[in-house]
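Student: Put together the whole structure using the sequences plus the hints.
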Amino acid sequence: MAISVTWPQVLAWRLKRQFVDPAAGPDVVSVIRRLTGVQAQVASSAELAVAVRLAGSRPGELERALWQERTLVKTWTARGTLHLIPADELASYTAVLGSFRNWDKGSWQRGHGVTAAEVAALLDAVPKALDGRTLTREELVEGVIEVTGDAHLKEALTSGWGALLKPLSFLGELCYGPPREGKVTFVSPRDWVPGRPAEPLTVEEGGMRLLRSFLGAHGPGTPETFDGWLYRGGARKAALRGWFRDLAPELAEVEVEGRPMVLLAEHLDDLAATAPSTGVHLLPGFDQYILGAPRDLEPLLPKEARPKVSRTAGWISPVVIHRGRVAGVWEAKNGEITFDLLEEVPASALTAETRRLAGLLR
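Throughout the sequence shown, residue numbering follows this note's numbering, covering 1 to 362 in sequence.
Keep in mind the hints are simulated off the structure, nothing from the lab.
Careful, some of the hints might be misleading.
Claimed, not checked - Below, simulated DSSO-like cross-link-like pairs (lysine-lysine); rule was C-alpha separation at most 27 Å, straight line:
hint : residue 1 : residue 2
1    : Lys-183   : Lys-105
2    : Lys-16    : Lys-105
3    : Lys-154   : Lys-166
4    : Lys-183   : Lys-166
5    : Lys-237   : Lys-166
6    : Lys-237   : Lys-105
7    : Lys-183   : Lys-128
8    : Lys-128   : Lys-154
9    : Lys-237   : Lys-183
10   : Lys-154   : Lys-183
11   : Lys-308   : Lys-333
12   : Lys-16    : Lys-308
13   : Lys-128   : Lys-105
14   : Lys-183   : Lys-333
15   : Lys-16    : Lys-303
Tutor: Here's what the structure looks like:
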């Protein structure tokens, strides 16, 4: 029989699981692993998302993990957005995202101004161009043209948000390398990521691993909430059902205010014992606490808050969290943090959290 819990309990449990309440992350890789990746289109937001969750200050640790220890990877993953993920979890993402192959669709090709033959040539050329090399975007473009002899690809590869490079990242053929003189570089994960598995994971293995990780930070969940986080609702329904079915022995049923959902069974007692949060927390833009939940989840994101949080061009604002829900947004300008609050927030708690955040922003 499913246990019954409230949304305030669920949100408080997520805050705890995500190292927000309390800030108890032991190190940057552990935080990013727990969150199932950290969105990184805005580097400062990604850094702050990790920093607010650490138990203590760790200056430079994220950069070392990315470019020296190589325990983190920067690449396009969930929802086709740039993320930081643990290096040993890259295989799960490539197994799943590489199976979707939306770049094979005529609509995708027309939208990006390329033909099926050019896409095939690109998928073949990039790994050859990157083999044993670290290349800037410009160098990679020249390398691809050298391999393919197709100058038309130059315009496509140098425009937009790297849309033509995303299929390569989904297939595990490309990820970010260390910056060079302020420029982005790309490398082959085969050369860059240590300890890659000898055999690629199956789609089923990768899907179950990602689902297990997602539920551990953003549960309880459903196939729809997982798919919304993973691929904006675009994953194959049969695959989704299969992952939930295969993981069923590890899952428990939960009713969240009457809505049936599932959670990892090992977390059931902890969720049931969790009391609603009373704290105040400041989270950066593009934070996983917001991105891991549906945009229409009213207990987290009230209707009046949505226009302030989800802005134009996909921008997700920094948020003030009170009692687990969005109580307003904030911004830092000229060294000062200002607020646009939607409800009353305890002044003393907000002041303390503001001081803590200001120390991390220095």
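Student: Next, verify each hint and record whether it holds.
Tutor: A quick look at each hint next to the structure:
Simply put, Lys-183 and Lys-105 have alpha-carbon atoms about 32 Å apart, too far for the 27 Å limit, and the pair is violated. For a cut-off of 27 Å, the pair hint linking Lys-16 to Lys-105 is broken: about 41 Å separates their Cα positions. Distance check on the hinted pair: Lys-154 and Lys-166 sit about 16 Å apart at the alpha-carbon level, within 27 Å; holds. Pair hint Lys-183 plus Lys-166 holds up; C-alpha atoms about 18 Å apart against a cutoff of 27 Å.
At roughly 22 Å between alpha-carbon atoms, Lys-237 and Lys-166 fall within 27 Å of each other, so this suggested pair holds. Pair hint Lys-237 plus Lys-105 holds up; C-alpha atoms about 18 Å apart against a cutoff of 27 Å. As the CA atoms of Lys-183 and Lys-128 are separated by approximately 21 Å, the hinted pair is consistent with the 27 Å bound. Distance check on the hinted pair: Lys-128 and Lys-154 sit about 17 Å apart at the alpha-carbon level, within 27 Å; holds.
Restraint check for Lys-237 and Lys-183: not satisfied, since their Cα atoms lie roughly 39 Å apart, outside the 27 Å limit. Simply put, Lys-154 and Lys-183 have alpha-carbon atoms about 18 Å apart, close enough for the 27 Å limit, and the pair holds. Restraint check for Lys-308 and Lys-333: satisfied, since their Cα atoms lie roughly 17 Å apart, inside the 27 Å limit. Restraint check: the Cα-Cα separation between Lys-16 and Lys-308 comes to about 25 Å, which is no more than 27 Å; the hinted pair holds.
Between Lys-128 and Lys-105, the direct Cα distance comes to roughly 24 Å. Compliance with the 27 Å bound is thereby established for this hinted pair. For the proposed pair Lys-183 and Lys-333, the alpha carbon gap of about 26 Å is at most 27 Å, so the pair holds. Under the criterion of a C-alpha separation no larger than 27 Å, the hint pairing Lys-16 with Lys-303 is consistent with the structure, at around 24 Å.
Hints 1, 2 and 9 from the list above are not met by this structure, while the remaining hints are.
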